[in-house]
Amino acid sequence: MNIALAGNPNTGKTSLFNILTGSYEYVGNWTGVTVEKKVGVLKNKVGRLIDLPGIYSLNPLSRDEGVATQFLLSEDFSLILNIVDAAQIERNLYLTIQLLEYGRPMVIGLNMIDVAKSRGFQIDAKNLSKRLLGSPIVPIVARTGKGCDQLAANFQAMKERKVEPLFIDYGPELEQAVGTLIERLNHVELPSKRWMALQFFEGNSLVRELLQKHIASSELTALFEQTEQQVISGKTGIKNLQQHIRSVRGDVIRAILSDCLTRTKEVEYTFSETVDQIVTNKYLGIPIFLLFMFLIFKFTFDWVGTPLSDLLDAFFSGPLTEWLTQALVAVGASDFIQAVLLNGIVAGVGGVLVFVPQIFMLFFLISFIEDSGYMARVAMVMDKLMEMIGLNGKAFIPMIIGFGCNVPGVMAARTIEQPKERLLTIILTPLMSCSARLSVYSLFVGAFFTQHQALIVLSLYLLGIVVALGLAKIFSSTLLKQSSSMFVVELPPYRFPQWRTLMRSTWEKGKGFIRKAGTFIFGGSVVIWFLSYAGPGGLNVDMNNSYLAMIGGLIAPLFAPLGFGTWQAGAALLTGFLAKEVVVSTMNIIYVAPDLATLQGTMANFYSPLSAYSFMVFLLLYVPCLATVAVIKKETASARWTWFSIGYALMIAYLIALMIYWGGKFLGFQ
Amino acid sequence: MLINILLGVLIFGYAGWTLYRFVRKSKEGKCAGCSIKNSCKSACDAQLEEQKAPL
Ligand SMILES: Nc1nc2c(ncn2[C@@H]2O[C@H](COP(=O)(O)OP(=O)(O)OP(=O)(O)O)[C@@H](O)[C@H]2O)c(=O)[nH]1
Ligand SMILES: [Mg+2]
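Residue numbers (my numbering), protein chains in the order written: chain A, 271 to 940; chain B, -17 to 37.
Possibly wrong hints are sitting among the right ones.
Okay, derived cross-link-like pairs now, DSS-like style, lysine-lysine, Cα gap no bigger than 25 angstroms in a straight line [as the list claims (entries may be wrong)]:
(1) Lys400/A <-> Lys432/A
(2) Lys7/B <-> Lys432/A
(3) Lys7/B <-> Lys781/A
(4) Lys7/B <-> Lys743/A
(5) Lys432/A <-> Lys463/A
(6) Lys483/A <-> Lys432/A
(7) Lys416/A <-> Lys396/A
(8) Lys400/A <-> Lys429/A
(9) Lys552/A <-> Lys781/A
Far from chain B, some chain A residues (derived; all Cβ distances over 12 angstroms) [as the list claims (entries may be wrong)]:
(10) Pro406
(11) Asp529
(12) Arg533
(13) Gly793
If you're looking for bench data, these hints aren't it; they were derived computationally from the structure. On a predicted model such as this, the values are computed, not experimentally measured, just so you know. From the three backbone atoms N, C-alpha and C, an ideal C-beta is built for every residue, glycine too.
All chains should be modelled from the sequences, with the hints used to inform the complete structure.
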């Protein structure tokens, strides 16, 4: 049995999914968290649950909404589990009604009962169930799991039940047209023809596509226009069919609610509204956002992250290396094996793992921002600025997600309705500094900018944002001209994040980093070490005569104008295309250093603070990593745009690093 | 001697395998791990292609 989990955005679908299936999918307090369906097996093994992106209506506007509608149209499932946000029940029922018209068995989870109660909403679930074709309605709190078992108990029985679609009378003109269309579909096998017809008249493009397989497009258009004329003539205030259908459904919903909903108190100003007056203030909004970012880096570097990293480093370079050496000597390992383990793997993998505390700290704080509801405010604050450059505030959400990792950032661009804005967001999101790059900054700021670590890193993150916005302006006025779209971001109420959710989502984001260290970074370190160990002269050559030095030396002259024309830098940047953390591994292997402090000391021979900064800038911008390139290819479905995103990044990175290096020199920096 | 060969094979074998897997996985992208990718029409095949490619 397949159960489809459908509901409005940000109503707790994924929270419920996690509880019912015991999985750990991404939960966040803004609309558009889930952009791709997720499948999980119910804990009692009776079936599979499919978590869908949130939708307001079955008539899709953006690509993530398309995923949900497409699923309901073409996949095989036996039951719909509809999540309704009790605190916003009127708007949520709009989708419920359409799902009932579709005519599949349905169970309704009335979620956020806790919030609804605090706002003085009282919902008569029994009565409501009667008005909604007797679909079972269970009040739940998906966040804590309250009521979820009772909800699941309804699945078996409901699946067997035969249900009739909900019937709403849309007025004689439309009903007649619906009848005509159903008649025309007489000979074809389609589920729920009345629903199809209604969706068609509402302007659902996916349904129209489906109908075109059976009825000529011109005939459909004619029928549509004729019906629209008939329906709107004589009605004031109704301009098209969609509006008419909406208003009929709205009336039905209000009639239902007048029976089932009582409000025990009116809340005037909610806590969220008060806070929003400050943080989304026209003048204060952006400074407050910057302050938050600064605090994040203070936590990550100065206050919590770095001290922990130092402890970890002490362990790796001290006891761990010692034990390993002793063990290797004891079993009689050769020099070659000792070298690959100690100079290759421990240096390469350990060098990256040292930064785990800082990265987890950053992820923890990003999760906090996401789950508290502040993220949607940032999008709103940025909207003014974004509008000037041809994007809208919503595009900022993928970019913030990109701070964690660019891959989900690119995926999150699906929530953007306008195709060109979406494309623009996809190709600019890789300029956001991801956490893998953070490990490289950590290494460099620890060596060259000990006094101002947080500030330097903040400057890099801001540079990424500024470059992205600048390019957006250029691209949107040249390559990707477009009409600007309306900005609709929902402001969810602030919620104090649950510890459990925070820990989980920190772990979910961070575990990839650790897993990568154990797999890909491991492999990469071995190969890089070997390339630095072997050369045309044989094995165990001086590193300057190794293959790695030859390869790095090939491109090194290119970087001389940027201040770091060494083969080491060339080699590190080459390997960094695979994954940005590898740059750290490569440096650890190349500069053979027993611990972080020594490494940072050695690096001072090769870089000045200015060239170190120029290197970080180049690394920030130069090219999306392999995984990001792959996801860009998938999401744009265009080789041309994929190459474009690599090419423009290389050029812009070179230019800006050049400007910073020579500008800095000119200003007298070292 | 034997232990050296054993360790060498283990280390280089594992390293090679991880690299191979990384490149393959990266190329496949998101859908690779999805349990309904075969019947899934909304993300992994060409159905929405025209929506995906704006130009
Ligand atoms: N107070 C309260 N908060 C909840 C409840 N259920 C979920 N939340 C919170 O609501 C927010 C949204 O939850 P998600 O599970 O991500 O919502 P979703 O429906 O999957 O959202 P999309 O994927 O964007 O469609 C999170 O911050 C949850 O912690 C609830 O019953 N009560
Ligand atoms: Mg979700």
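Quick rundown of the hints versus the structure:
1. Our distance criterion of 25 angstroms between C-alpha atoms is met by Lys400/A and Lys432/A, whose separation comes to about 16 angstroms.
2. Under the criterion of a C-alpha separation no larger than 25 angstroms, the hint pairing Lys7/B with Lys432/A is inconsistent with the structure, at around 43 angstroms.
3. At most 25 angstroms may separate the alpha-carbon atoms for a hinted pair to count; Lys7/B and Lys781/A meet this at roughly 17 angstroms.
4. Note on Lys7/B and Lys743/A: the hinted pairing is violated, with a Cα-Cα distance of about 34 angstroms set against a maximum of 25 angstroms.
5. Using a Cα cut-off of 25 angstroms, the hinted pair Lys432/A and Lys463/A holds, with the two alpha carbons roughly 17 angstroms apart.
6. Between the alpha carbons of Lys483/A and Lys432/A the distance comes to roughly 29 angstroms, so the proposed pair goes past 25 angstroms and is violated.
7. For the hint linking Lys416/A to Lys396/A, the alpha-carbon distance of about 18 angstroms falls within 25 angstroms, and the restraint holds.
8. Among the hinted pairs, Lys400/A with Lys429/A is consistent with the structure: their alpha-carbon atoms are about 18 angstroms apart, no more than 25 angstroms.
9. For the suggested pair Lys552/A and Lys781/A, the alpha carbons sit about 38 angstroms apart, so the restraint of at most 25 angstroms is broken.
10. Chain B leaves Pro406/A outside its interface by the beta-carbon criterion, the shortest separation being 26 angstroms against a cut-off of 12 angstroms.
11. Every C-beta of chain B lies more than 12 angstroms from that of Asp529/A, the closest at about 37 angstroms, which supports listing it as non-interface.
12. Chain B leaves Arg533/A outside its interface by the beta-carbon criterion, the shortest separation being 39 angstroms against a cut-off of 12 angstroms.
13. Here Gly793/A does not stay apart from chain B, with its beta-carbon only about 4 angstroms from theirs, under the 12 angstroms limit.
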